[in-house]
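J.: Keeping their order, the protein sequence lines are chains A and B.
Counting from 1, position 268 in the first sequence corresponds to residue 268 in our numbering; the numbering is continuous, with no gaps.
Counting from 1, position 241 in the second sequence corresponds to residue 241 in our numbering; the numbering is continuous, with no gaps.
Fair warning: there could be bad hints in the mix.
[As the list claims (entries may be wrong)] With the C-beta cut set under 8 Å, the calculated list includes, among others, these residues of chain B facing chain A:
1. 110
2. 129
3. 142
4. 146
5. 326
Note that these hints are calculated values from the structure, not bench results.
Please read these numbers as outputs of a predicted model, since none were measured by experiment.
Yeah, the Cβ is synthetic: ideal placement off N, Cα and C, and Gly gets one too.
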Amino acid sequence: MRFDRDVRRKLFSHAMAIACLACVAIAILPLGDILYTSAVNGLKVLSFQFFTQNSPIPCDPRFQTGCSFGGIYNSIQGTLLLIVIAAGIALPVGILCGIYLSEFGANPLGNAARFFADVLAGVPSIVMGVVVFSLFLLLFQDGYITSDYVLSVLSASIALAFIMLPIVARTAEEALRLVPTTTREAALALGIPRYRVVLRIVLRSARSAVITGGLLAVARAAGETAPLIILNPGNLFPFAPALGLHQTTASLPISIYRWIVSPYPNWQADAWGATFVLVILMLGISVAARLALRERFGAALR
Amino acid sequence: MVPRPSDTSAGSETPRDPGVIVSPRGRFSRLRDRRFWVRVADRLFTGATGAAALVILGIATLLVLLLVQSSYPSLTRFGFGFLYGTVWNPNQTVLSPLIFGALPAIYGTMVIAAIGMLFGVPLSLGIAIFLTELSPGWLRGGLSFVIELLAAIPSVVYGVWGLIVVVPLMATTVEPGLHATLGQLPGLSGVFAAPASGYNGFSYLTAGIILAIMVIPTISSVSREAFLVVPNDQREAALSLGATSWETTRLSVLPYARRGVLGAITLGLGRAIGETIAIVLVVGNSYAISGSLFSSGTTIAAFIATEFGEANGIERAALLELGLVLLAVSLLINVGARLLVRRGIGPVGGAE
Numbered sequence: 001m002r003f004d005r006d007v008r009r010k011l012f013s014h015a016m017a018i019a020c021l022a023c024v025a026i027a028i029l030p031l032g033d034i035l036y037t038s039a040v041n042g043l044k045v046l047s048f049q050f051f052t053q054n055s056p057i058p059c060d061p062r063f064q065t066g067c068s069f070g071g072i073y074n075s076i077q078g079t080l081l082l083i084v085i086a087a088g089i090a091l092p093v094g095i096l097c098g099i100y101l102s103e104f105g106a107n108p109l110g111n112a113a114r115f116f117a118d119v120l121a122g123v124p125s126i127v128m129g130v131v132v133f134s135l136f137l138l139l140f141q142d143g144y145i146t147s148d149y150v151l152s153v154l155s156a157s158i159a160l161a162f163i164m165l166p167i168v169a170r171t172a173e174e175a176l177r178l179v180p181t182t183t184r185e186a187a188l189a190l191g192i193p194r195y196r197v198v199l200r201i202v203l204r205s206a207r208s209a210v211i212t213g214g215l216l217a218v219a220r221a222a223g224e225t226a227p228l229i230i231l232n233p234g235n236l237f238p239f240a241p242a243l244g245l246h247q248t249t250a251s252l253p254i255s256i257y258r259w260i261v262s263p264y265p266n267w268q269a270d271a272w273g274a275t276f277v278l279v280i281l282m283l284g285i286s287v288a289a290r291l292a293l294r295e296r297f298g299a300a301l302r
Numbered sequence: 001m002v003p004r005p006s007d008t009s010a011g012s013e014t015p016r017d018p019g020v021i022v023s024p025r026g027r028f029s030r031l032r033d034r035r036f037w038v039r040v041a042d043r044l045f046t047g048a049t050g051a052a053a054l055v056i057l058g059i060a061t062l063l064v065l066l067l068v069q070s071s072y073p074s075l076t077r078f079g080f081g082f083l084y085g086t087v088w089n090p091n092q093t094v095l096s097p098l099i100f101g102a103l104p105a106i107y108g109t110m111v112i113a114a115i116g117m118l119f120g121v122p123l124s125l126g127i128a129i130f131l132t133e134l135s136p137g138w139l140r141g142g143l144s145f146v147i148e149l150l151a152a153i154p155s156v157v158y159g160v161w162g163l164i165v166v167v168p169l170m171a172t173t174v175e176p177g178l179h180a181t182l183g184q185l186p187g188l189s190g191v192f193a194a195p196a197s198g199y200n201g202f203s204y205l206t207a208g209i210i211l212a213i214m215v216i217p218t219i220s221s222v223s224r225e226a227f228l229v230v231p232n233d234q235r236e237a238a239l240s241l242g243a244t245s246w247e248t249t250r251l252s253v254l255p256y257a258r259r260g261v262l263g264a265i266t267l268g269l270g271r272a273i274g275e276t277i278a279i280v281l282v283v284g285n286s287y288a289i290s291g292s293l294f295s296s297g298t299t300i301a302a303f304i305a306t307e308f309g310e311a312n313g314i315e316r317a318a319l320l321e322l323g324l325v326l327l328a329v330s331l332l333i334n335v336g337a338r339l340l341v342r343r344g345i346g347p348v349g350g351a352e
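All chains, please: the whole structure from these sequences, using the hints.
T.: Shown next as structure tokens:
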């Protein structure tokens, strides 16, 4: 009798292990299919011209001749522009904030900032989009900016910066905390000023983890669609690169969204090409960031 | 007690004023003193980092103030009726008054998030348990790496994949199949009822399934952290009593990590209610309430995304009020999750 019960328990344990393994398999399945589908459909339009030409005019070969696939040059330019400006704002401020949280943050301000950074990281990106819209509308109504800027590269970049900021700050803080206190004490004992200790020694030791956090934030912002739907809707000037901060721009996520829901074959085909490019870009950044992180800190930062 | 010579001499000496640096070079000698500049640089540096921390607080305040301010016309005009009204009519005519009610969007958000959690939570916990407790060591690193990659896929890509792959599959196979099997059970016929327009695949269920996949990386990675801090003594105690590996997990690991797991689920829920573009692409975007999981609907975030571009005046204020509702719910959820997670397993990065 007892023997039977033990066998049953062992079998149950194995069955649960297999069920958990099945969960892993079920989660990997969509990832595999996303990669497969976007590769198969994306490679059909991928060529050198795909990266050098602007968005195509919508075209249906059943009714028109001379349809072209165009390319994603202006979408990539737009995404880069948005990301460079957003990162230019969010990385310095975020890293400084991370320094404050880790080095001087054992006080009410530090605790509040840490808490709100966590909370902000959970605010839906669409909300960030409409808030920045309201902000710019208010600035326009008060006469500080012209109406162009409400829907523009600048407003979208600021929304993306708001999204990146808490991520950068918290990852920078975690990275700086991993630097041993003895390192700081040794440096201070040598009479090195505090700011130099932080900048030259602590920040430098944690450099690769801080960069990794920044990279992950950049990746998150580059794939963000919701705030751009509000602040850079694809129906405004999508066929050429943006020439100034007051214009709207095409971007990879918005182009994908706009093209895939359209009825035009050339746009739908391009949507898959752009999807493939975006997926490869994101996975590339993510893999690079995680590999760099692991090499340096081992299991400490998972 | 006889005072030591050093004590008396220290008392008799005139104390030097530490605030003034005596120098023969003149009044501005402080500016030449290196220590002075070091102190200035230190102050500036600390001030700059503190200002950056204040920026975070500023953004949080800005968020709430701006949303309240810009949705004020709608807040005052519709009051609480906004939350339970079912009609969204921006075009005033003689027969249909101007009115905005948020219930269909709120209902859709709740239904879709619930479906996402229903599938996403067991899957994520299974993954977390497998990766920390049951997996052989050689498989662990690679598998967790692959699961983390799910977080790297942008949501528009999930949407495109859902639109092209999942929606047709739901329309042709899954939804009719569920209707023919589970839909025949008493009490469930309404939930699995065929929509009036036929099965087109754009439904609450499709959106919920896409959402389930999207919350997996969040929930599984945070609950893995919670499992990893369970002391090995707990496991060893169970194992030494003859527990199998599953019994060890259920009896000693899961209860210990309960709080962290709850926090992980709440974080995942926060993710789920804010998801926008993937939902827009698969939910069908119809502003209606339906009991059937196969009918199309919308969510707060999806509705804002699809309507905001054309909205003006009072409708824009109403959409911003929807944003305020979304913000309030997500703040509640996130604050709760952070409190749970922090007490459970210490600080967790905001990235994933």
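J.: Each of the hints needs a verdict: does it hold here or not?
T.: So, going through the hints one by one against the coordinates:
1. 110: violated, 15 Å
2. 129: With a minimum Cβ separation of about 5 Å from chain A (threshold 8 Å), the hint on residue 129/B holds.
3. 142: violated, 11 Å
4. 146: holds, 6 Å
5. 326: Holds, because the Cβ-Cβ distance from residue 326/B to chain A comes to roughly 6 Å (cut-off 8 Å).
The structure shown violates the earlier hints numbered 1, 3.
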